[in-house]
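Each chain is listed here by its residues.
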Amino acid sequence: MPVIRNQIRELRAMREMTQQELADRIGVTRQTVIAIEQDKYSPSLETAFKVALVLGVSLEQCFQYDPHGKR
Amino acid sequence: MATSLSYREKSLYASLAAELLVYGPYFFLHQQNSVNKVAGMIVAIIALQAVLQLIIAIITRNRVTDERDHLIELRGYRAGYLTIATLMVVGLGMLWFHATFGQLHLDSRMVGLHFLSVFFGMLVVADIVKTAAQIIAYRRTL
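Taken in sequence, the protein lines are chains C and V. Be aware that the first sequence starts at 1, since it is given in the numbering used here, and climbs by one per residue. Be aware that the second sequence starts at 1, since it is given in the numbering used here, and climbs by one per residue.
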């Protein structure tokens with residue numbers, strides 16, 4: 001199954017931002033941030049843009065499409 | 001990595017516990033069904049749910065729900081719908097079979113209560129499946 005990969009954990013660590021802080025700023029639960037970071041949940045386009053905006057990077061730097069990936 | 005339960009997950013566990021606690025004894029311990037028992041069970045589940053949800057709302061500081069919660073909710077409703085549709089088809093098929101081959105011996109005064117009990121049982125099973133499917137989806141994180 002194709003998978004959306006992401007660098008949220010690394011980008012978040014570089015900014016010393018906790019999962020809860022990121023969750024609060026993009027309006028989701030901490031559990032959703034955890035699921036996204038573990039590639040177990042692909043967020044909506046709106047949430048993906050919010051994540052990129054909060055982390056100060058482009059969407060492509062934050063999320064990558066992996067057509068042959070497995071969850 | 002520690003993943004504590006979200007508000008919605010806690011709420012679902014409480015719902016499942018309430019459903020099993022109220023419906024379980026009704027369907028597995030009571031031999032005689034009656035309209036009063038069905039009504040009593042509905043009142044009991046509403047009261048228990050209200051108390052449990054109030055406690056969870058009080059003890060949970062962060063009550064945010066998001067897109068993932070909505071997707072999981074829809075997944076649960078799909079599982080519940082498929083369950084009740086399947087039970088309906090099977091139930092109606094059994095009714096047709098027994099009526100056709102003359103093995104249906106219902107007391108005419110109790111027909112309404114039998115049907116009420118059977119259809120209510122289907123609703124209960126579908127509701128439990130819905131809640132369980134949502135809990136499983138949370139654990140698998142979609």
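It is worth saying that the hints were derived from the structure and are not from the lab. All figures in this text were calculated on a predicted structure; none of them were measured in a lab. Treat the hints with care, as some may be off.
[Unchecked claim] Heads up, simulated DSBU-like pairs for lysine-lysine below, C-alpha to C-alpha not over 35 Å straight-line:
1. C:Lys40 / C:Lys50
2. C:Lys50 / V:Lys10
3. V:Lys10 / V:Lys37
4. C:Lys40 / C:Lys70
5. V:Lys37 / C:Lys70
6. C:Lys40 / V:Lys37
7. C:Lys70 / C:Lys50
[What the hints assert, rightly or not] Chain C residues, not near chain V, derived (Cβ > 10 Å throughout):
8. Val28
9. Ile34
10. Ala35
11. Gln38
12. Tyr65
Idealized CB from N, CA, C, for every residue including glycine.
Going down the list of hints, with the structure as the test:
1. C:Lys40 / C:Lys50: holds (18 Å)
2. C:Lys50 / V:Lys10: It holds: about 27 Å lies between the C-alpha atoms, which stays within 35 Å.
3. V:Lys10 / V:Lys37: Measuring from Cα to Cα gives roughly 29 Å; hence the hint holds.
4. C:Lys40 / C:Lys70: holds (10 Å)
5. V:Lys37 / C:Lys70: violated (50 Å)
6. C:Lys40 / V:Lys37: Roughly 44 Å between the alpha carbons, so the hint for lysine 40 of chain C and lysine 37 of chain V is violated.
7. C:Lys70 / C:Lys50: holds (25 Å)
8. Val28: The assertion about valine 28 of chain C is violated, with a minimum of 4 Å to chain V.
9. Ile34: violated (6 Å)
10. Ala35: Alanine 35 of chain C not clear of chain V: closest Cβ-Cβ about 4 Å, inside 10 Å.
11. Gln38: violated (7 Å)
12. Tyr65: Per Cβ check, tyrosine 65 of chain C is outside 10 Å of chain V; nearest 17 Å; holds.
When each numbered hint is compared with the structure, violations occur for hints 5, 6, 8, 9, 10 and 11.
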